[in-house]
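S.K.: Take a look at the letters that make up each chain.
Number of protein chains: 2
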Amino acid sequence: MKLYFSPFSPFARKCLVCAYELGLRDRVEAVVAAAHPVNRDRALIAFNPLGKVPTLVTEKGVSLYDSRVICEYLNDLGGGRLIPGSPDRWVALVEQALADGLMDAAVLTRYEMAVRPEALRWSDWTAGQLDKVTCAMAELESRASSFKNRVDIGTITIGCALGYLDFRFESLGWREKYPAVAAWFNIFAARESMMATRPAA
Amino acid sequence: MKLYFSPFSPFARKCLVCAYELGLRDRVEAVVAAAHPVNRDRALIAFNPLGKVPTLVTEKGVSLYDSRVICEYLNDLGGGRLIPGSPDRWVALVEQALADGLMDAAVLTRYEMAVRPEALRWSDWTAGQLDKVTCAMAELESRASSFKNRVDIGTITIGCALGYLDFRFESLGWREKYPAVAAWFNIFAARESMMATRPAA
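Residue numbers (my numbering), protein chains in the order written: chain A, 359 to 559; chain B, 359 to 559.
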């Protein structure tokens, strides 16, 4: 399988972490793509018309996207339990959606502050997106006591979201405001799957 | 159950269409929320920290989001077949991701053109998002011969994406460029579930 990815994308990282946790990392060839919302990557569009990473091309040549679909496919292929059955399923899937939403808001903030020409930036937009991050972090803090030793699509996505904040939004200083999340992440971030996929500095 | 929604959101429409198709519409109370990316809806944030529609609050008071999670929950509750098993599963899930991505790009374009102050708009951003729509439509055209009478999470999401283009992007004139999709949508859009959920003009 080929996984088109970017070392900076938290959504691509989710897929790689799942591959590690499922023992499938050796079967996934990670290929760096030049996905960009304005300068669209025509080579990537051949596999995924949205031109986004992550995109997986299976051993049979079938294109799969987006990260949720790829993670579910890998879980199925590896006979894993990263996506639990009911009733734990809804907890894990909502936590994935929460962390995906946090990452979406953080990535849109990044586009506003680093891609858009400075004269065209809108501070109200950035404030709205960062408020999503703040509210999502408060929700994670209230849930953190339930994370314990869980390794599933919920906690993996949360880990990738926190890693993205560390990488792009260090100035938010989230660890001081959300100590229960920080205590959990100290342990989770030390997993081999997380260490091996940290965004390049 | 309460579904917090907006009559203009194609993601909320997906959930309502699924509820109709599953025979669950009578059990879902649709509540209009004031979700907005800048003027965030605090009442909605109490149920979903991302402040987005759709958000479902189950009969047991559990919040579920986003649209993919809600549709899967409704399908489970209704004992439905909107999310097929392997191998059809991957086709339906990729088509859902493709149509969700098309809707994301269209909604971001709408924010750029109707929410952001005129002086701060960036034409390259809009062009990049609309290119996603164009490439996704070309992919749908190539797949349209396989849609037939399928009613699943793939075709439902595609239907909602096309409905959103009709509602907000009529000037794109998509029917002339993608005749196979148009022929399929003529029939699909006449379903009761689609007719009852058309965006308010």
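These aren't lab readings, by the way, just hints derived from the structure by calculation. Cβ coordinates follow ideal geometry from the N, Cα and C atoms, glycine included. Please note: incorrect hints may appear among the correct ones.
[Unchecked claim] Here are the in silico distance ranges between beta carbons for each label pair: (1) B/His394 / A/Leu382: 39 to 49 Å; (2) B/Asp482 / A/Asp482: 19 to 29 Å; (3) A/Val396 / B/Val396: 44 to 54 Å; (4) A/Ala404 / B/Asp482: 16 to 26 Å; (5) B/Leu530 / A/Thr416: 31 to 41 Å.
[As the list claims (entries may be wrong)] On the chain B side, residues computed to face chain A include the following (Cβ under 10 Å): (6) Asp384; (7) Leu408; (8) Asp424; (9) Asn433; (10) Gly436; (11) Ser444; (12) Arg447; (13) Trp448; (14) Trp480; (15) Trp483; (16) Asp489; (17) Met495.
S.K.: Each hint should be assessed against the structure and marked as holding or not.
M.R.: Hint by hint, here is what the structure shows:
{"no.": "1", "hint": "B/His394 / A/Leu382: 39 to 49 Å", "verdict": "holds, 41 Å"}
{"no.": "2", "hint": "B/Asp482 / A/Asp482: 19 to 29 Å", "verdict": "holds, 21 Å"}
{"no.": "3", "hint": "A/Val396 / B/Val396: 44 to 54 Å", "verdict": "violated, 22 Å"}
{"no.": "4", "hint": "A/Ala404 / B/Asp482: 16 to 26 Å", "verdict": "holds, 22 Å"}
{"no.": "5", "hint": "B/Leu530 / A/Thr416: 31 to 41 Å", "verdict": "holds, 32 Å"}
{"no.": "6", "hint": "Asp384", "verdict": "violated, 22 Å"}
{"no.": "7", "hint": "Leu408", "verdict": "holds, 4 Å"}
{"no.": "8", "hint": "Asp424", "verdict": "holds, 5 Å"}
{"no.": "9", "hint": "Asn433", "verdict": "violated, 12 Å"}
{"no.": "10", "hint": "Gly436", "verdict": "violated, 14 Å"}
{"no.": "11", "hint": "Ser444", "verdict": "holds, 7 Å"}
{"no.": "12", "hint": "Arg447", "verdict": "holds, 8 Å"}
{"no.": "13", "hint": "Trp448", "verdict": "holds, 6 Å"}
{"no.": "14", "hint": "Trp480", "verdict": "holds, 5 Å"}
{"no.": "15", "hint": "Trp483", "verdict": "holds, 6 Å"}
{"no.": "16", "hint": "Asp489", "verdict": "holds, 6 Å"}
{"no.": "17", "hint": "Met495", "verdict": "holds, 8 Å"}
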